[in-house]
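Protein chains: 2
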Amino acid sequence: MKEVTLGIDIGGTNTKLGLVDREGNCLVSSSIETYADKPVEVFMTLLFKAIDQLKAQVKEPFEIKAVGIGAPNGNYYTGTIENAANLHGWGDYVPLAELVKDKLNLPVAVTNDANAAALGEMKFGVAKGMKNFMVITLGTGLGSGIIVNGDLLYGHDGFAGEFGHINVVHNGRKCGCGSKGCLETYVSATGLKRNMLEMIAEYNGGSQLDQTPFEHITSKMIFDAAESGDEIAQKAFQMTGEYLGKSLADAVAIFSPEAIVLFGGMAAAGDWILKPTQEAMDANTIRMFKGKTKLLFSNLKGDNTAILGSSALAWQELDKMVSAS
Amino acid sequence: MKEVTLGIDIGGTNTKLGLVDREGNCLVSSSIETYADKPVEVFMTLLFKAIDQLKAQVKEPFEIKAVGIGAPNGNYYTGTIENAANLHGWGDYVPLAELVKDKLNLPVAVTNDANAAALGEMKFGVAKGMKNFMVITLGTGLGSGIIVNGDLLYGHDGFAGEFGHINVVHNGRKCGCGSKGCLETYVSATGLKRNMLEMIAEYNGGSQLDQTPFEHITSKMIFDAAESGDEIAQKAFQMTGEYLGKSLADAVAIFSPEAIVLFGGMAAAGDWILKPTQEAMDANTIRMFKGKTKLLFSNLKGDNTAILGSSALAWQELDKMVSAS
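The listed protein sequences derive, respectively, from chains W and S.
Taking this note's numbering, I'd label the letters of the first sequence as residues 1 to 325.
Taking this note's numbering, I'd label the letters of the second sequence as residues 1 to 325.
Each hint should be verified, as a subset may be incorrect.
One copy or any two copies: either way a pair holds, since identical chains are not told apart in the list.
Unchecked claim - Derived lysine to aspartate or glutamate pairs resembling EDC-like cross-links, with alpha carbons at most 16 Å apart: (1) K131 x D151; (2) K292 x E258; (3) K180 x D282; (4) K235 x D271; (5) K292 x D157; (6) K131 x D157; (7) K294 x D157; (8) K290 x D157; (9) K103 x E41; (10) K65 x E279.
These are calculated hints, taken from the structure and not from any lab test.
Pulled out of the complex, with its shape left as it was, chain W reads as follows:
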């Protein structure tokens, strides 16, 4: 009998789910719409239907041992989603673990997507065997999942790890969190786009994106421009990497991690983001930590990385239950 966990990754637009074995093989997977603007019951009905369909696709005898869910503002301690801005139709408080447990009668654990990504890297990815490392997720925003002594840093209330909201510029850019100058306003897909505009402004144009309105610019367009020799786009990456690298040097002083893993869409920019980040990190790391922390890209490939993270949460939960019993 094949033992698997069910990994569910809830995003603002789509939700991915899959059945994953202990070695990180995703046996089957699928995707459904999240319907973030409708009541959560709409989503739950779709989810349970999708789970039944998934189970029907597996060709060998199997048993689902537990469920792991990564969700915006997912709280491990309470199993809830609280005040998730991009799931506004669901209300301020969704007892997600309870809803899933009531239906499936399995152990259910919930956390946010960056934390799930960190568990995925530890169990199946580039951080296998590490007990102290960080994952930085570079998407629309900047998230972090921080592993300390082999377990996630959840903090007192379950919401620790908001590294995207440390202050990097006093009275700096307006952030969605209500503050100003947060790291993610400079380092993220959105941050990169804002850096691009600032560079166009600073150099008074000179980029192939001069004709493109702010709303239409994407990370991919800035990447393509940089690749084709657009110096303004290259400077936008440079600026992004400098802010990230300086902040990571602070993270090294605080956590002394074995590695920092860059994860998510922007990591696809390769050396355009890695090189300035590594340089700024090296230049700003204090002497006693210099050269001790590796800067890595995630090596989890394909569409199922988020499912693997959520599944890793479920496997970890099972391991905790065994060691507690």
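Based on these hints, arrange chain S on the given structure of chain W.
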């Protein structure tokens, strides 16, 4: 038979030691010179003599169960002191746990003084019962001991928690660590003194300390001046608290701790340091964490606080041995 641990706090000038029971009562204590400029053997001979004298003073039957040592650059993983600038006579690498264990034949654990302080607060102090909190030690420098999931954050190499060396001013003040703009150059006894000089410079005098050379100014003099209405001294405290509070707001976003505990000499400045720190922390904490983290002073009083911290390390080590067996 009374069970006790031996707590040893090694400082650059003096070393304190004492026998402490499980409730945090220090039965006996004493102090010896550290002789940081002589070979470590000089210190070890004095230390073992002082331990024998301590034991002779105890009036009831007792048994020492373990030894905890707080020392500059003390490494929990290796039991060593590495590259401690203020113990220069001892060499770059001192196998401290081994030296003590060979002589006393007891379990020995080593960590740095800020980590020991955090354990002391968790076991005997204001953080009793907390599983996620930070201690900030404000002495000549700024240290931190960070508790995550009930255990110390040691990081990959045992040296994590250098919160005093996060960057707060780009290309800022020269720091003893070799970098520039580290938090402790603005927030510590030395930082306060530098802030005082900067304020005297900014206001072109007007303080009762105008006549006092930099080398002679102490935190106590700045405190006395502030108390007596010296506005420049008050501004120096304001500046110190602003830097600290802003950095603590970042720490809240990263760790979501139940409390942040201020510990050490400068905490004696009371509201002069607490008020601006609390204000800046509140103003800069992002919305989702606002009002969740308490800012507290250590409630461990008297000369034995450092001994209590080192003793707490020994008690924790014993508890780990029990739960592992």
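How the hints compare with the structure:
no.: 1; hint: K131 x D151; result: both (7 Å within a copy, 14 Å between copies)
no.: 2; hint: K292 x E258; result: within (7 Å within a copy, 30 Å between copies)
no.: 3; hint: K180 x D282; result: between (26 Å within a copy, 14 Å between copies)
no.: 4; hint: K235 x D271; result: within (13 Å within a copy, 46 Å between copies)
no.: 5; hint: K292 x D157; result: between (31 Å within a copy, 8 Å between copies)
no.: 6; hint: K131 x D157; result: between (22 Å within a copy, 11 Å between copies)
no.: 7; hint: K294 x D157; result: between (30 Å within a copy, 13 Å between copies)
no.: 8; hint: K290 x D157; result: between (33 Å within a copy, 12 Å between copies)
no.: 9; hint: K103 x E41; result: within (13 Å within a copy, 67 Å between copies)
no.: 10; hint: K65 x E279; result: neither (44 Å within a copy, 48 Å between copies)
When the structure is compared with the earlier hints, a violation turns up for hint 10 alone.
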